[in-house]
Amino acid sequence: MDNKNIIACMQYLGTWVSNQSFNHFVQSRIFAAQGFTKLEEKYAGHSTEELDFAKSCFDRILDLGGEIKHEERPCMELFDDIEAFYANEIKLAEAGLSEVLAKMPELACDLTTYDMVKEWYKDEEEDCVWTAAQLELIKKIGRENYLSHQM
Amino acid sequence: MEQNKKLIEGLQAIVTDLSQQADGHAIQSRIFAAQGFTKLAEKYAEHASEERGYVDQCIDRILDLGGEVKNGAKAETQVCCNPIDWVKCDLQVSKDGLARLAGIVELAKDDLTTYDILKDYYKDEEEDMYWGEQQLELIEKIGEANWLVSLL
Numbered sequence: 000m001d002n003k004n005i006i007a008c009m010q011y012l013g014t015w016v017s018n019q020s021f022n023h024f025v026q027s028r029i030f031a032a033q034g035f036t037k038l039e040e041k042y043a044g045h046s047t048e049e050l051d052f053a054k055s056c057f058d059r060i061l062d063l064g065g066e067i068k069h070e071e072r073p074c075m076e077l078f079d080d081i082e083a084f085y086a087n088e089i090k091l092a093e094a095g096l097s098e099v100l101a102k103m104p105e106l107a108c109d110l111t112t113y114d115m116v117k118e119w120y121k122d123e124e125e126d127c128v129w130t131a132a133q134l135e136l137i138k139k140i141g142r143e144n145y146l147s148h149q150m
Numbered sequence: 000m001e002q003n004k005k006l007i008e009g010l011q012a013i014v015t016d017l018s019q020q021a022d023g024h025a026i027q028s029r030i031f032a033a034q035g036f037t038k039l040a041e042k043y044a045e046h047a048s049e050e051r052g053y054v055d056q057c058i059d060r061i062l063d064l065g066g067e068v069k070n071g072a073k074a075e076t077q078v079c080c081n082p083i084d085w086v087k088c089d090l091q092v093s094k095d096g097l098a099r100l101a102g103i104v105e106l107a108k109d110d111l112t113t114y115d116i117l118k119d120y121y122k123d124e125e126e127d128m129y130w131g132e133q134q135l136e137l138i139e140k141i142g143e144a145n146w147l148v149s150l151l
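Taken in sequence, the protein lines are chains A and B. When the first sequence is numbered by numbering that gives the first Met the number 0, its final residue is 150 and no position is left out of the sequence of numbers. When the second sequence is numbered by numbering that gives the first Met the number 0, its final residue is 151 and no position is left out of the sequence of numbers.
The hints are simulated quantities; they were obtained by calculation from the structure and are not laboratory data. Computed from a prediction, not measured in an experiment: that's the story for all the values here. We put the CB at the ideal spot given by N, CA and C, even for glycine. Honestly, I wouldn't trust all of these hints.
[Stated by the list, open to error] Simulated crosslink set (BS3-like; lysine-lysine; CA at most 25 Å straight-line): (1) A:K68 to B:K94; (2) A:K102 to A:K37; (3) A:K41 to B:K69; (4) A:K68 to B:K69; (5) B:K94 to A:K117; (6) B:K4 to B:K69; (7) B:K140 to A:K68; (8) A:K138 to A:K37; (9) A:K37 to B:K69; (10) A:K68 to B:K4.
[Stated by the list, open to error] Partial pick of chain A residues on the chain B-facing surface, computed with a CB cut under 7 Å: (11) V25; (12) A32; (13) F57; (14) I67; (15) H69; (16) M75.
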């Protein structure tokens, strides 16, 4: 089993997901300040789940005898507008999912890691579908009606 | 107001730096957990959680003051596998951080709410710095092996 590639994948995911987690955490505060309590709670919860997954990635690196790096993180965009936020979420999720899918064959020899990443992938895909559904809903019922349901 | 703008910039600097620091402490906690140093793992997990709490408060304060919060770029930080090296490294980070924080607290002197948030964070960070110094003195007194055993 080539642990080096698996460790590299775990490091990539650990860094990426912890950066996403913080971004969702900050975005949740913006929604809170705007009065959209349901959005605040959704993204605070999402941030916590992502942090837990990042923790699993780092634990897996250590289990595999690797060294964790605390890597640099790029700045990420934050949004005041819900539709722009959702569109960006889908864009980021699609890019991330495609990157992870490409790495899955390398993980196939390590059942524990493969299972962990597969579960995350399924969750992330579901979130992407949910976000797309929200954009459809906004088109059907209008922004104001949608936002008033997020209070 | 110019003073408000500088204060918001100061709060943003805390949001960016402290969130990276919190993640660094969380990573360090996992390393110590894997090594069997349970007490150290718990300490740094809790520390990461407290730091995230302060980040939360600073974000909210920026928004209250009418500012825009950013998720800024963060530099890579050191990770230590040796607990003693880590305590030394974290102590220096605390000292450097407190010096910067003192400047931001000064900016908040006319904003009592922000001042209170920053003062509480400063006091916590100062306490952590003293803990770090105490641990290094303890290591000199009882030896490295005994100190490490106390962290199991």
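Structure-based check of all given hints:
1. A:K68 to B:K94: Holds, at roughly 23 Å.
2. A:K102 to A:K37: The hint is violated at about 34 Å.
3. A:K41 to B:K69: holds, 20 Å
4. A:K68 to B:K69: holds, 24 Å
5. B:K94 to A:K117: The hint is violated at about 43 Å.
6. B:K4 to B:K69: Answer holds: B:K4 to B:K69 is near 14 Å, not above 25 Å.
7. B:K140 to A:K68: violated, 32 Å
8. A:K138 to A:K37: holds, 19 Å
9. A:K37 to B:K69: Distance ~22 Å between A:K37 and B:K69 Cα, so the pair holds.
10. A:K68 to B:K4: Not satisfied, since the Cα-Cα distance of roughly 34 Å exceeds 25 Å.
11. V25: Holds, because the Cβ-Cβ distance from A:V25 to chain B comes to roughly 5 Å (cut-off 7 Å).
12. A32: Nearest chain B Cβ about 4 Å off; hint holds.
13. F57: Interface hint status for A:F57: holds (5 Å vs cutoff 7 Å).
14. I67: holds, 5 Å
15. H69: A:H69 check passes; min Cβ-Cβ to chain B is 5 Å, inside 7 Å.
16. M75: OK, holds: A:M75 within 7 Å of chain B, min 4 Å.
Violated hints for the displayed structure, listed by number in ascending order: 2, 5, 7 and 10.
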